[in-house]
Amino acid sequence: MKCERDKEQITRWINHQMTLDERTLFEIHLAQCPSCRQELEASQQVWDLIGKMPVPEPSAAMPVRFHAMLDTYKRSVEEKRNPLAAILERFRQLWALQPRFPLAYSLILVVMGLTGGYLLDHRNPGPDPDFAAKKQIDTLSSQVHEMKEMVMLSLLENPSASERIRGVSYTNEIRGVNKRISDALLETLNNDPNVNVRLMTLDALTHFANDPVVREGLVQSIVQQESPLVQSALADVMLKLQERRSVQPFKKLLFQKDLNGQVRSKIEQTISRLI
Amino acid sequence: MLKVKAGDLDKMALLFERHHRPLYGFLFRMTHQRESSEDMVQNVFYRMLRYRNTFNGSGEFITWMYHLARNVLKDHLKKNKSSASGQGEEGLEERAGGGPSPADLVEKKQEWKALLNAMEDLSTENREILILSRFQDLRYHEIARIMDLTEGAVRVRIHRAIHHLKNIYLQIVN
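Residue numbers (this note's numbering), protein chains in the order written: chain A, 1 to 275; chain B, 1 to 174.
No lab work stands behind these hints, which were simulated from the structure alone.
One thing to keep in mind: the hints can contain errors.
[Unchecked claim] Pair ranges (Cβ atoms, derived):
(1) Ser123/B / Glu41/A: 39 to 47 Å
(2) Gln171/B / Arg37/A: 16 to 24 Å
(3) Glu268/A / Lys78/B: 51 to 59 Å
(4) Arg52/B / Thr24/A: 41 to 49 Å
(5) Met112/A / Arg18/B: 19 to 27 Å
(6) Arg50/B / Ser265/A: 38 to 46 Å
(7) Leu30/A / Arg127/B: 38 to 46 Å
(8) Glu17/B / Glu173/A: 25 to 33 Å
(9) Lys78/B / Lys257/A: 53 to 61 Å
(10) Ser123/B / Lys240/A: 48 to 56 Å
(11) Glu268/A / Pro22/B: 32 to 40 Å
Here the structure is a predicted model, which means the values were calculated and not measured.
Glycine is no exception: its CB is placed at the ideal position from the N, C-alpha and C atoms.
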């Protein structure tokens, strides 16, 4: 026999939208009514099934984009509040545009290299053309490399966090590390105002950890970090590198009273695994 | 949010940390488009900053956030009328690891596909109500405020949506 009761109650029961009294009354009815029980069971199955439908994780770029947007927005609000600061900011932006100059300069170098190589080759057709070509390619590739390096260093100076992240990601395309790059990256790791930029920089520096200067810089950076995220990432890196010199700075961190609880226990674990 | 409104814009980062995942979940379930959903989340947070003065603090922050999200979604759907449907499987390809066996998974996937199709039958508004109720842990009166409806109307619409999906589901099972 079909039950005449309002079926909308079934949905509200499943959806936890009933008051305690309504729920008790409905459950008493449910115990006596097989038709309602059957319907509730089917609705519950559908409800559970919808709930299990997967949603992919948002990409890691999403928070980075948000923070870049927030930074830009904050700057624009400050500009409106303070016209003098706005003019100064314009000057800073002008300064930030300067990566174009090194870029143009590098391109001129490339063209000069090409022309020079071509002229040399034609003026003096030496006995070994292969050698000349190889030399030319070597010169060109070192010029391109130098150009990438300059672009990267300029981007690291950019006021926008997303541009600085782009600069850090350039390190993937650079072979090896020289003092200029390692200094710039360590400077970013220690002083950049944005946590995401610092995290990306730490990741980039880890690839160069075979270099003694970078390694030393990473160890020294431990006591300079204040963000729990970066502190915890540094603990992971030191463990991966099995860097025992990091034990001392980590112990120093443990003395800080305001150290995040989770970071504290992570550092303690790291120290015990390093010793 | 009141602190953001008062000028402490850094607090917006905290709100983003707390709410961007559920908001992304809502938008993804509505569109099944990953990148667009991420863009829309960004857009909602931008609007929160831009229109922070319209948050009057009398209602909950959550209802205000979904109110803005619905407007962003409406604009998106208007722009992409044709692409809204037929992309329902983007999420189903994910998260295959763990729990159920492959056979179970295939069966589940078919059930989900059928349910997704059935959900596409619902009007955009009813789909929004259902998703807000099922996934965002909102009470009927909160959904009513987001949707500018009465609580009774929300109640009836959710019931009808579930009833519709149940009928489809029973057809597949039997």
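Do the hints match the structure? See the list:
1. Ser123/B / Glu41/A: 39 to 47 Å: violated (27 Å)
2. Gln171/B / Arg37/A: 16 to 24 Å: Check passed, 21 Å falls within 16 to 24 Å.
3. Glu268/A / Lys78/B: 51 to 59 Å: holds (55 Å)
4. Arg52/B / Thr24/A: 41 to 49 Å: Taking Cβ atoms as reference, Arg52/B and Thr24/A lie about 44 Å apart, which means the hint holds.
5. Met112/A / Arg18/B: 19 to 27 Å: Violated - the Cβ-Cβ distance for Met112/A and Arg18/B, about 55 Å, lies outside 19 to 27 Å.
6. Arg50/B / Ser265/A: 38 to 46 Å: holds (41 Å)
7. Leu30/A / Arg127/B: 38 to 46 Å: violated (29 Å)
8. Glu17/B / Glu173/A: 25 to 33 Å: holds (32 Å)
9. Lys78/B / Lys257/A: 53 to 61 Å: At roughly 54 Å between Cβ atoms, Lys257/A and Lys78/B fall inside 53 to 61 Å, so the hint holds.
10. Ser123/B / Lys240/A: 48 to 56 Å: holds (53 Å)
11. Glu268/A / Pro22/B: 32 to 40 Å: holds (34 Å)
Of the hints listed earlier, those the structure fails to meet are numbers 1, 5 and 7, in rising order.
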